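Novice: Top line first, the protein sequences correspond to chains A and H. Residue 1 is where the first sequence starts when you use the working numbering, and the numbers rise one by one after that. Residue 1001 is where the second sequence starts when you use the working numbering, and the numbers rise one by one after that.
Hints are computed from structural coordinates only; laboratory data are not their basis. These figures come from a predicted structure and were not determined experimentally. One or more hints might be untrue.
[Claimed, not checked] Some residues of chain A that are not near chain H, with every Cβ distance over 12 Å (derived):
#, residue
1, Phe-3
2, Leu-6
3, Val-16
4, Ala-47
5, Ala-132
6, Ala-197
7, Glu-216
8, Asp-220
9, Asn-249
10, Glu-284
11, Gly-292
12, Arg-295
13, Thr-296
14, Val-311
15, Glu-381
16, Arg-384
[To be verified] Derived Cβ-Cβ restraints for the label pairs, each shown as a range:
#, chain 1, residue 1, chain 2, residue 2, range
17, A, Leu-323, H, Lys-1056, 35 to 41 Å
18, H, Asp-1114, A, Ile-261, 45 to 51 Å
19, A, Thr-376, H, Asp-1071, 44 to 50 Å
20, H, Ala-1076, A, Val-361, 32 to 38 Å
21, A, Met-254, H, Ala-1076, 51 to 57 Å
22, A, Ile-261, H, Asp-1171, 54 to 60 Å
C-beta: ideal position from N, C-alpha, C; glycine also.
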Amino acid sequence: MAFIKLALSNLMRHKVRSLLTLVGIAASVTVLFSILSFNRGFERGLADEIDKTGIHFMVVPAGCPHEVASLVLHGAVTPKFIDAGIVERMTHIADIELASPMLITQLLNVERGRLDMIHGLEMSHVRQIKTAWRLEGRIPDGEDGILLGSEVAAHDDIRVGDRVRYGNREFSVSGIITKTGSQDDAFVYMPVTALQAILEKTGGLTAVGVKVSRPERLEDITGELAATVPGIQIVTMNEVMRSLASLANSAKVMSLSIAVIAVLISAVGVMNAILMAIFERTQEIGMMRAVGASRTDIFRIIIKETVLLTVAGGVCGILLSTLMAGMIEGFVRKVMPYVPSGKIIHFEPVLAASCIAFTLVIGVAAGGYPSWKASTINPIEAIRG
Amino acid sequence: MIELRNITKNYIRGAEEVHALSCIDLSISAREFISIVGPSGSGKTTLLHILGCLDKPTGGTMTIDGEAVGDLPESALVRLRREKIGFVFQQFHLIPGLTVFDNVALPLLFSRGDRPREKIMALIEMVGLDRRVAHHPNQLSGGEMQRVAIARALVNDPEVIFADEPTGNLDSTTSEKIFSLLEALHAKGLCIVMVTHNPDLANRASRVIELRDGRILQQRTRGRRAS
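So here's chain A without its partners, still in its complex pose:
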């Protein structure tokens, strides 16, 4: 028989109490592990999403960088425009591989009586700036062809070849984008010049996405651009990522704090349960001292009981979190202002191991005082009862 077996048998003597204490730890670790996994996934998903845009920086009208971030990833409508003439000027700057005009707005879909999000872009650039897209159909090569996001197409049961009307123009659906899991699914993509014509904003753009041939020269290129073109703001994708990350940061810090407090509260519950157990087993502890247990032996038995309880709770918490990942992700998507597309919560063994290690530390911390108290019980008084 080992100390661990003795500790386990002690825990099993009060199954309901041990189970309830374990549930407390498991619940708090579920929250903690879910939040940590979500945060990890959030950062990775954001980086992936930025990467998928296929551009290095955006040129937008001077304004708030948060607005730009929304523009890039949410497709927000902004009231300011820049002149399409800068696209021509940008092509003269060395190492700019691609300058892709973008015009984002909402248009009334008369037939269905609702507003659709419309993204005007240069269709010949689609393969370069939307590298992750998979299409059913083809990229339009004329002014009257459009692409639909999967949600738009599914919502109205539109198929390739159908016709859709915006303003005074009728368009043919050239292709439907296979589901991406991002905001792209909710957009209608049409040639930028066609959209300018509908809006009567010839030469007006919301942004220009820029891809460079030598990313290491990014700073020089943006510096030169800022110096030569007035009234614009340049936002690199790293800045966009930082802006979005900072938007989500306060929510992350708040939720993580709550999770840590929950773990600490459950640790107090563990300490209480173990103290009660020691109180009930005073005579038994006295007997163990009499038959040869040292103070250290008693300390070891009690600390092992505590650690067993917290680590088992931690393992259950991680299992629960993994099983409930989909539900938790769905809930967080509803309450967070921005969440990257795709599956966010993935099981990460290193993170799980870190959480187990954390519960081990909590176990040692919560069990320290009860174990010390048990080890200092006077065997004479204990045996007398």
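Let chain A serve as the given structure and place chain H on it in line with the hints.
Specialist: For chain H alone, coordinates are given in the frame of chain A:
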């Protein structure tokens, strides 16, 4: 084997000082069977705890096999309890979650000794519980629990067994069986020191020490009386 010279034990209870033991002089030889008797509060259990190195006297000296116990650190006292002493209690104090086998083997966990199954089984057979090896304490009678406690006290091959009212919670028939078991152990060469309230059992010991008010009132060996 054990020598006590002028042992006193005082402690504070509330506002008063209690003189639990006074001027105790006692020699215990190997292979003796001693019973300690006396009314409640006479200091029997306190003396047993001091003899068993669970408690320290307030004054006087005690030696075990020539080694002065009073100056020993806690770790050395723990070693003494592991190697030379076995305890049997009135309340048995078995661990409910462990089987008979594991309860008997418990002291080996603390002495970090080997855990030879044959030895433990031999002890369980000796106390007549070989059919109860996998049972838990709540499945045993009082007498059976006390037999498990005796086997547990023997597992570290002690030189002396201190039994604190081992038959106090048992009926007369079961008490007789437990006492016979202690007699059998004594016959095999083990020293037994037993506190009891039962005069019939006490008088069957080779020496009876009677305490009153913390002092030895009289000692008598079987068949003759000494003060």
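Novice: Take the hints in turn and mark each one as holding or not.
Specialist: The hints, checked one at a time:
1. With a cut of 12 Å on Cβ distances, Phe-3(A) falls inside the contact zone with chain H, its closest approach being about 7 Å.
2. Under the 12 Å C-beta cut-off, the non-interface status given to Leu-6(A) relative to chain H is violated; the minimum distance is some 7 Å.
3. Residue-level check passed: Val-16(A) sits 15 Å from the nearest beta carbon of chain H, beyond 12 Å.
4. With a least beta-carbon separation of about 52 Å from chain H, Ala-47(A) lies farther than 12 Å from that chain, consistent with its non-interface assignment.
5. Consistency note on Ala-132(A): stated as away from chain H, and its beta-carbon is indeed over 12 Å from all of that chain's, at 58 Å minimum.
6. No Cβ of chain H comes within 12 Å of the Cβ of Ala-197(A); the nearest lies about 83 Å off, and the non-interface call holds.
7. Annotated as non-interface, Glu-216(A) keeps its C-beta farther than 12 Å from every C-beta of chain H; the closest such distance is 64 Å.
8. Every beta carbon of chain H lies more than 12 Å from that of Asp-220(A), the smallest distance being close to 71 Å; the non-interface claim holds.
9. Listed as a non-interface residue, Asn-249(A) keeps its Cβ farther than 12 Å from every Cβ of chain H; the least gap is roughly 49 Å.
10. With a minimum CB-CB distance of about 6 Å to chain H, Glu-284(A) fails to clear the 12 Å threshold, and the non-interface call is violated.
11. In this structure Gly-292(A) is not separated from chain H by more than 12 Å, as the shortest Cβ-Cβ distance comes to only about 4 Å.
12. The claim that Arg-295(A) lies off the interface is violated: its Cβ sits roughly 7 Å from the closest Cβ of chain H, which falls inside the 12 Å cut-off.
13. Here Thr-296(A) does not stay apart from chain H, with its beta-carbon only about 9 Å from theirs, under the 12 Å limit.
14. With 12 Å as the threshold on Cβ separation, the claim that Val-311(A) sits away from chain H holds: the shortest Cβ distance comes to roughly 19 Å.
15. In this structure Glu-381(A) is not separated from chain H by more than 12 Å, as the shortest Cβ-Cβ distance comes to only about 10 Å.
16. Arg-384(A), annotated as away from the interface, has a beta carbon of chain H within 12 Å; the closest lies near 8 Å.
17. About 57 Å separates the C-beta atoms of Leu-323(A) and Lys-1056(H), a value inconsistent with the hinted range of 35 to 41 Å.
18. Look at Asp-1114(H) against Ile-261(A): about 48 Å separates their beta carbons, and that is inside 45 to 51 Å.
19. At about 22 Å, the beta-carbon gap between Thr-376(A) and Asp-1071(H) misses the expected band of 44 to 50 Å.
20. Against the hinted window of 32 to 38 Å, the Cβ-Cβ separation of Ala-1076(H) and Val-361(A) comes to about 34 Å, which satisfies the hint.
21. Evaluation of the 51 to 57 Å hint for Met-254(A) and Ala-1076(H) yields a pass: the beta carbon distance comes to about 56 Å.
22. With their beta carbons about 57 Å apart, Ile-261(A) and Asp-1171(H) fall inside the hinted range of 54 to 60 Å.
Violation of the numbered hints given earlier is confined to hints 1, 2, 10, 11, 12, 13, 15, 16, 17 and 19; the remaining hints are satisfied by the structure.
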